[in-house]
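K.L.:
Fit chain Z to the given chain R structure using the hints.
Residue-level listing of the chains:
2 protein chains.
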Amino acid sequence: MYRTHTCGELRSEHINQTVTLSGWVQYNRDFGGMTFIDLRDRFGITQLVFGMDIDNNLCEKARTLGREFVVQVTGKVNERSNKNNNIPTGDIEIIVTELTLLNASKLPPFTIEDDTDGGEELRMKYRYLDLRRRPIRDNLILRHKLGQEVRKYLAGQGFLEIETPFLIKSTPEGARDFVVPSRVHESNFYALPQSPQTFKQILMMSGYDKYFQIVKCFRDEDFRADRQPEFTQVDCEMSFIHQQDIIDVFTGFVKHIFKEVREVELGEIPVLTYADAMNRFGSDKPDMRFGMEIKYLDSQLGDTDFAPFKDALDQKGSIAGICIENGAVFTRKQLDAYTEYVKEPNRGMKGLIYVKWNEDNTISSSVNKFFSEDQLKEWFKTFNGQQGDLLLISSGATRKVQKAIGDLRLEIGSQMGLRDKNKFAALWVVDFPMFAFDEESQTWTFEHHPFTSPKAEHLDKIFTHPGEVLANAYDFVINGWECCSGSIRIHDREIQSKIFKAIGLSEEEAQEKFGFLLGALEYGAPPHGGCAFGFDRLCAIMAGTESIRDVIAFPKNNSGRDIMLDAPGPISQEQWKYLHLKPGS
Amino acid sequence: MYRTHTCGELRSEHINQTVTLSGWVQYNRDFGGMTFIDLRDRFGITQLVFGMDIDNNLCEKARTLGREFVVQVTGKVNERSNKNNNIPTGDIEIIVTELTLLNASKLPPFTIEDDTDGGEELRMKYRYLDLRRRPIRDNLILRHKLGQEVRKYLAGQGFLEIETPFLIKSTPEGARDFVVPSRVHESNFYALPQSPQTFKQILMMSGYDKYFQIVKCFRDEDFRADRQPEFTQVDCEMSFIHQQDIIDVFTGFVKHIFKEVREVELGEIPVLTYADAMNRFGSDKPDMRFGMEIKYLDSQLGDTDFAPFKDALDQKGSIAGICIENGAVFTRKQLDAYTEYVKEPNRGMKGLIYVKWNEDNTISSSVNKFFSEDQLKEWFKTFNGQQGDLLLISSGATRKVQKAIGDLRLEIGSQMGLRDKNKFAALWVVDFPMFAFDEESQTWTFEHHPFTSPKAEHLDKIFTHPGEVLANAYDFVINGWECCSGSIRIHDREIQSKIFKAIGLSEEEAQEKFGFLLGALEYGAPPHGGCAFGFDRLCAIMAGTESIRDVIAFPKNNSGRDIMLDAPGPISQEQWKYLHLKPGS
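Those sequence lines, one after another, are chains R and Z. Oh and the first sequence: position 34 is 36 in this note's numbering, straight run, nothing missing. Oh and the second sequence: position 153 is 155 in this note's numbering, straight run, nothing missing.
Here chain R stands alone, though its shape is the one from the complex (with noise of 0.2 Å):
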């Protein structure tokens, strides 16, 4: 028996007891006459004491063990006279009358504690060291635990995990396909599953009524910060439901999970259209932790000679901007960096204005030579600005000028400390359009994916208007993230064969990609619809980190290598010979 309990489990009632620990040399430290080591497991970190009068051979050998060392140790429970409240085990320690090396170690590359000396680059390689560290260890206990309460909850409420299919068929759409050639059907290839979308509506289809699954899915996307070709989703599905019902159920789920993983009440949730939330917070998935809502002057300003606002009006764009609370005080440098940052390319606007009410109770704006003071303060009105705050201000193409106002909003947000990571406020977005017109190919293409039922009082607008249509889709957002994806599904061939037609997919491309899909919504499909959450930003949110990576026991990098495998690699010969494979471009 290598431990008769973990480095996280004596407490003072089991002092005087002989016990047997093992684990791993966090520190090691000699004080002459007696030597100290922090003996570290998954569990917890114990003091061990050796003593030169004690066992003086024993003694020395302690003294020779390094870090990240493996040990095993028989010895008495003891009170310690310097006791440690930051650590359970802190009242106790180890007089070890027994020590047996496990195993050596050689120095690790980068220390192994909560801030690491180690880079990112070295960390990924070394990831087996890195994954020892406390921080990476209590987000994957985290995930653990998640993973658990998911399951719990939804089982709870009679959902079935069902497993689906890794090696499918490859249906080119949206993103690209990681494909697997075929070493006994030449030159075919399965694909890996972007999501298991159409095998779970075929399950309801067949009759499965709820089902879910916490499953890996793969994109072979360019890679981006905190994208990882492979991630992992609570996929849900449910049947004889309508949208509400869907909300319903996946806001008991979110309240359960933050409850039972973070102690965190969520509350009431709110539910908000797209158009909503991009009018108040010039985002589909708007941060909630503060206000700072987008207000326009639209009204206000009709009959204004100002040309950029005159323009952006004559263009049935608009005018809007924030107002920042206590904002009077911003220095000439900050506004000029969100000039800047509204005029990036991806904002593109033209200028910001600003208007300051301040502490004396005077105005200052780069736009007094067109506004009066009193004009000025009567935009304040609209903004329910008062005295010492501050208005940032642009105008334009609605849409762009919403996005851009709603960026600007979560920079000062952040740069204001609005936006505490423990801190959650969740919502619902609702009423998302069902397609978005795309500018490149000049065709209209699906938002969410072609298998989302529009609203049934827009289908006569599909051909004629389809920008006016409405989809049965929602979102789940949290802290500005989009956790959660989802929308009723069309159960009716003929909908499904009119929304193809839309998207310009032909009946026989149709039944070569989805064949299966349409042959089973002939057989008596039932009104069904679920969602996807994306469990790495879950518990990426949950953990209060920004990136996914630390919540994923092997990531890979930003271009896809996994560099502790150093992975993608060549294969063999005799591999590209069985896979009918020849390199080419």
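These aren't lab readings, by the way, just hints derived from the structure by calculation. Be aware that a few hints might be false.
What the hints assert, rightly or not - Listed next, the in silico BS3-like pairs over lysine-lysine satisfying Cα-Cα at most 30 Å (straight line):
# : chain 1 : residue 1 : chain 2 : residue 2
1 : Z       : LYS515    : R       : LYS127
2 : R       : LYS579    : Z       : LYS503
3 : R       : LYS515    : Z       : LYS108
Here the structure is a predicted model, which means the values were calculated and not measured.
P.N.:
Chain Z in isolation, oriented as in the chain R frame:
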């Protein structure tokens, strides 16, 4: 709201309530004035009643509903005059007052009933209809429950569920890898994991102490009956343990899951050595649901002149057989068939000897010219046989004759109904050989995998007597199926090098293939070990089915195709191009 209750929920206490149900039409029976419909969902079946005297139009409408139509009905719960005790809702029926057709159905290509008229191929093509059949649904519900109980037990024991990656590095060993071409890294490939073996060992080296995962694995083997290219395993690993600790924990595990999922008490689970299992049952995965153990006449017939026996003993082989209780009545034809059975090429016996102790106390035997009746009766003593029994005996090289007689034992056990699928007999098999001699390449290879530790006391025989080295390896066996395999791993870098050397892997090759693991061994690897359960097989055994395809929602056929999806399939020219591949051979 589509329903107030499911189709499996209503009982006599609901009588007179107005309810709404949704589901599929299982049967539609028209009795002139009355129409009865069995409405089905995942939860059960409820009888709907439509009467011409109640609502003429509604009844006419109901008559038009075909099999598998999806409908919503509202009506009053009524006490049935003819109660049906075969179904939980058999006390009630619904007098329908409202009927909405939610979706029509084409006539299914096979009947959706417990015993269907559809052939395997047709059912796989229309898997979405096959999945509606109760036996398949019950299997998937059992699989769901088993998954939940597996997690509940292991999480309760302090195991952490940690996801390991799917896009890893190809390390050809044993079975062939499935590989995934990289778009970004030209001519490089990821591989899909054959198991998370190296990752779980890394997690132990990273201090995670107890790990598990229910995880998909991939092997590109030539498909045999009941092999799937993707399969699921319950993968486990523990640190600071000996073999007995693993056996203890997972004995608790299997007892828990059989009790919770099947309400079966497994009782004491015996532990047999590999040598004992081979000697007593001619198999390393003995079916212990029945006795009929193999006995040996070697010492008793040490000086025999009977050529087949003498030859076997001269070559240090064995004379082995089984005793079939009440088998004296077996016909000549049966005995001939058994002789042919052991002579089949994969068993390769030269013949099979029978000895019957007839009910009239005479002995009839194929060797009565060579042995006296008294001698033959002596044989029965060795087998603990008696009047009415039959001995079947063969001779040859020991392992070969054991296998042949072991197979025969199973064959006869099946014929005699001794292998009841509702009876469960489990055991652990331990002390497997470390190496196997590969006749084809005339080299020693590993029996389990190259990370398995040899018994410490056999370390010095690795290069001198590899065939005598035993491993710290163990299998869990139930009803003749190996359900779990595991070992104590090597945590010593030196021993790992020795083992690689013993199987002919150079230090460079080892570094190339397992560099990260060898690296991790140098930074304080703890003693560790684990096992993996075949989840599909476990489900199949619990569900009482022979084929794992019956417990997989979307299985592939014997040539690795998904017939419903029509996968694998071709990819586009664009995909070939951006993957830098050409067809070749």
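K.L.:
Of the hints stated earlier, which fail here?
P.N.:
Checked against the structure, no hint fails, so every one of them is satisfied.
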